[in-house]
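Asker: Listed below are the residues making up each chain.
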Amino acid sequence: MLIMPAPEPEILSRRDELIARLRDILPAPNLIVDETARRAYECDAFTMYRALPLVVALPETVAQVSAILSLAAEMNVKIVPRGAGTSLSGGSMPLEDGILLGMSKFNRVLEIDYENRCARVQPGVQNLAISRAVEGRGFYYAPDPSSQIACSIGGNVAENAGGVHCLKYGLTTNNILGLEVVLMGGEVIRLGGKHLDSEAYDLLGLMTGSEGLLGVVTEVAVRILQKPAVARGLLVGFQSVAAGARFVGAVIARGIIPGGMEMMDQKTIHAVERFQPCGYPRDAEAIVIVELDGAQAEVDHLVGVVENIARAEGATSTKISHSEAERLQFWAGRKNAFPAVSCIKPDYLCMDGTIPRARLPEVLEGMDEIAKREGLQVANVFHAGDGNLHPLILYDASVPGDVERAERVGFDILRLCVAVGGVLTGEHGVGVEKRDLMGEMFNEADLEQQLRVKCAFDSMNRLNPGKVFPTLHRCAEFGMMHVSGGKTAFPDLPRF
Amino acid sequence: MSVDLATLEICDAREAVEAVREANARNAPLALVGGGTKRRLGRHAPQERELSTRALAGVTLYEPEELVLSARAGTPLREIEELLDAHDQQLAFEPMDYATLYGDTAKGATIGGAIAVNASGPRRIKAGAARDHLLGFHCVTGRGEIVKSGGRVMKNVTGYDLSKLVCGSYGTLALLTEVTLKALPKAETEQTLMVLGLDEAQSVAALRRASGTPNEVSSFAMLPAGAPPLGLAGHTALLRIEGPEISVVTRRDALAASLVTNGERFETLPEAQSRALWRAVRDAAPVACRPGPIWRLSVAPTDGFEAVEALRRAGAPILAHFYDWAGGLVWLGLDDAPDAHAAAVRAAVNALGGHAALIRASEDIRRRVDVFHPQPAPLAALTRRVKESFDPAHVLERGRMREDF
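For the protein sequence lines, the chains are A and B, in the order given. For the first sequence, our numbering assigns the number 1 to the initial residue and increments by one for each residue that follows. For the second sequence, our numbering assigns the number 1 to the initial residue and increments by one for each residue that follows.
Quick caveat, the hints were computed from the structure, so don't treat them as lab data. For glycine and all other residues, C-beta sits at the position ideal for the given N, C-alpha and C. Errors might be hidden in some of the hints.
Unchecked claim - Not everything, but these chain B residues come out facing chain A in the computed CB check (under 8 Å):
1. G328
2. S389
3. G399
4. M401
Claimed, not checked - Restricting the straight-line Cα-Cα distance to at most 27 Å, the calculated cross-link-like pairs of lysine-lysine (DSS-like) are:
5. K126/B - K186/B
6. K335/A - K227/A
7. K267/A - K319/A
8. K168/A - K319/A
9. K126/B - K227/A
10. K168/A - K126/B
11. K319/A - K335/A
12. K335/A - K345/A
13. K168/A - K105/A
14. K372/A - K267/A
15. K168/A - K186/B
16. K227/A - K186/B
Extracted from the complex, chain A is given alone in its bound form (with noise of 0.2 Å):
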């Protein structure tokens, strides 16, 4: 079971003060003091657990968050920044102890610059809603992650959000220019901007996934690119996991990178055809759909060397498509995966690892003994271009002990795929989630280096404070560590 840290006490015995100092730097509306209305609060979209925040702050400007985080900082109270609330790994979850810091009102399109190929949007915006600002001059953004619709672009930096399409265009962070952040002591920085590459330390990477523990991100200047002259589609059956696996191997080692190629299996085809029929080959232990998209001639003459790789890796069918309508039903099944295994059994948590792909059919095996062992079934949908798994362990609330089995589950299957080469998340993030099972991925030195980041950054760790470490150090038990012959060498630098 999960553990935070316990609340403070001497944090909750401010509250009255804290409100009223709040109340000096927002507008009434823009304080969420009471209970019931805090309550909308009290998760993300890792549902598992809930904390009901000392106070949600809504502010609308630079200088509202600036001031809330020097008050925070003076006042010693912990910040929780959150978007729009999609996190799946609890990176938003409040704290019953610190000021939950919505950006909800960061939302607006601040420039669309075409020139240089690029956006500057506030950080409550939603993903989707940049690439609805640009369509009409044929541009998007490219990382897609399956919540755009709804996801902030200020989420997507905080979890280095990726989706569909990471495999050929990258991962948040690498289509983002610049970054306006809020640091700890209410300081206000720029990192990048509309050109590229950093001019020191690459903070702006550093931030992006560093899941709200080092600042809070007032502005994000993304890269918009020319959308692809043309999109198609491939939907593949095979009779094993093994052999669609093969298959996205040799489609990469024949040195194509497709826009997207995606692999779902037999439990979750069903699944989809009992919810939404769409086509999928029922017989089949597992489908592939890999998106080509570009110049025309080049994507008709892919699609012809990826069904002849098909045919080659013994697929049962093949299936090519003809029509933009033809190539959005192929992806309608995977977009409404998760929701359709939902009548499978009434609850599901998604876990988010990523292997080496050739690792892909002991890794099914391996999970579904895990999910045996417990009486549980696994569903599977994958970004299988890149090795990011989606297992869906399958489990009903209402079955006493089930909740606890489904955790059990998801830990073991996050530890098989760190044991064989690969990590604990591709997307969702650690978040509390992951918190505990940091310790498989990194040693001791690992962790306290980054830990020491962080306070490079929140000397008093007061910035989401209980995510993604297992332990919480304070800083100053850092700061002794190159103590020779009694003294520290350069004394004189200020340390923190």
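Go by the hints and put chain B onto chain A.
Answerer: Using the frame of chain A, we list chain B on its own:
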């Protein structure tokens, strides 16, 4: 000034730990060196001793189907490129060879050095810089601790992305011991579309227009009249198109059609000449042959030409220049001056946003002038705290990036 360097050759991470711990105990900073091709890059801050990774070499993992390669830091870049080439793969970020700039072609760069300076070539806009291809690494920090970060898979958000930090840190945070990189397929072929007959502003604008079409141009450079390696009489916009043969030809034609306004001419460089051209652009050959200081400006693509114009208006003696990254990267060769014209260059960039680095200048100038772009106070303070989180006593490459660390 020349300094007699004592070189410590380390064979593994444990030896590096000992060396760094001893450096901490004696407050005796270390320089980190691989092939030694970049010793003249960054601030001139000679250390008494250097730690060499030359013996820490070799590819430790290469799985072409997984697009992944791991190598010890001292592995020669050439060795990695040849290995990848044999499997029709490449490091898509095209790490620059600094030998052209520093006139030192005997030495061979290492993969550790390429990562340490976040090297990237003309494919930067489409394929990214080194930072975008580093999946994970092992290092020895300035504290003398062995630390790893990242992994070997394409998608990974487990913990902080320290890979981004070490890319471009010039060895000031840690000694890299092993890096894991994303490899990518090589294009089947390439051609370069040349747009001729336009003035400088129009030529740079043509690059930007090309970047707004769906023809997947992978590199966008502009050489002024007479610039090597082409040495053509007029300004030339250069657009690289890579992919399967059939696609390259149709995209080139579509691109040319989309760029027609009036007065320009189009010519095509076939594969071999195209490859040679982009190697020269990668290595800054169009400015390298002139003596004198060389600057590298990274600005928004629309601002590259503006920066050059601002410098011209300010009377800066530009001897050679060219544009890459659709106008967003400007290489400038200037006449000699005691500050390498830093004040003028910085003023031009500061008015637009972006940064300027002094890539080539005398030791004396590099000791006195900020080589890297100055930072606002809060960012400088944060940068220094990050440095100290890895290297509290400043024993790695002291003074290489900033005078104060």
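Asker: Give a verdict on every hint.
Answerer: Cross-check of the supplied hints:
Because the closest C-beta pair between G328/B and chain A is about 6 Å apart, less than 8 Å, the hint holds. Hint status for S389/B: holds, given a least beta-carbon distance of 4 Å to chain A, under 8 Å. Annotation: interface hint on G399/B violated; nearest CB of chain A at approximately 13 Å, more than 8 Å. Among the interface hints, the one on M401/B holds; its C-beta lies about 7 Å from the nearest C-beta in chain A, closer than the 8 Å criterion.
Annotation: proposed proximity of K126/B to K186/B holds, straight-line Cα distance about 14 Å (limit 27 Å). As the CA atoms of K335/A and K227/A are separated by approximately 21 Å, the hinted pair is consistent with the 27 Å bound. Between K267/A and K319/A, the direct Cα distance comes to roughly 20 Å. Compliance with the 27 Å bound is thereby established for this hinted pair. Distance check on the hinted pair: K168/A and K319/A sit about 22 Å apart at the alpha-carbon level, within 27 Å; holds.
This hinted pair checks out: K126/B and K227/A have alpha carbons roughly 14 Å apart, not beyond 27 Å. Simply put, K168/A and K126/B have alpha-carbon atoms about 10 Å apart, close enough for the 27 Å limit, and the pair holds. The straight-line distance between the Cα atoms of K319/A and K335/A is roughly 18 Å, inside the 27 Å bound, and the hint therefore holds. For a cut-off of 27 Å, the pair hint linking K335/A to K345/A stands: about 18 Å separates their Cα positions.
The suggested pairing of K168/A with K105/A is violated, with an alpha-carbon distance near 32 Å, which exceeds 27 Å. Note on K372/A and K267/A: the hinted pairing holds, with a Cα-Cα distance of about 15 Å set against a maximum of 27 Å. This hinted pair checks out: K168/A and K186/B have alpha carbons roughly 14 Å apart, not beyond 27 Å. As the CA atoms of K227/A and K186/B are separated by approximately 23 Å, the hinted pair is consistent with the 27 Å bound.
Consistency with the previously given hints fails for numbers 3, 13, ordered from lowest to highest.
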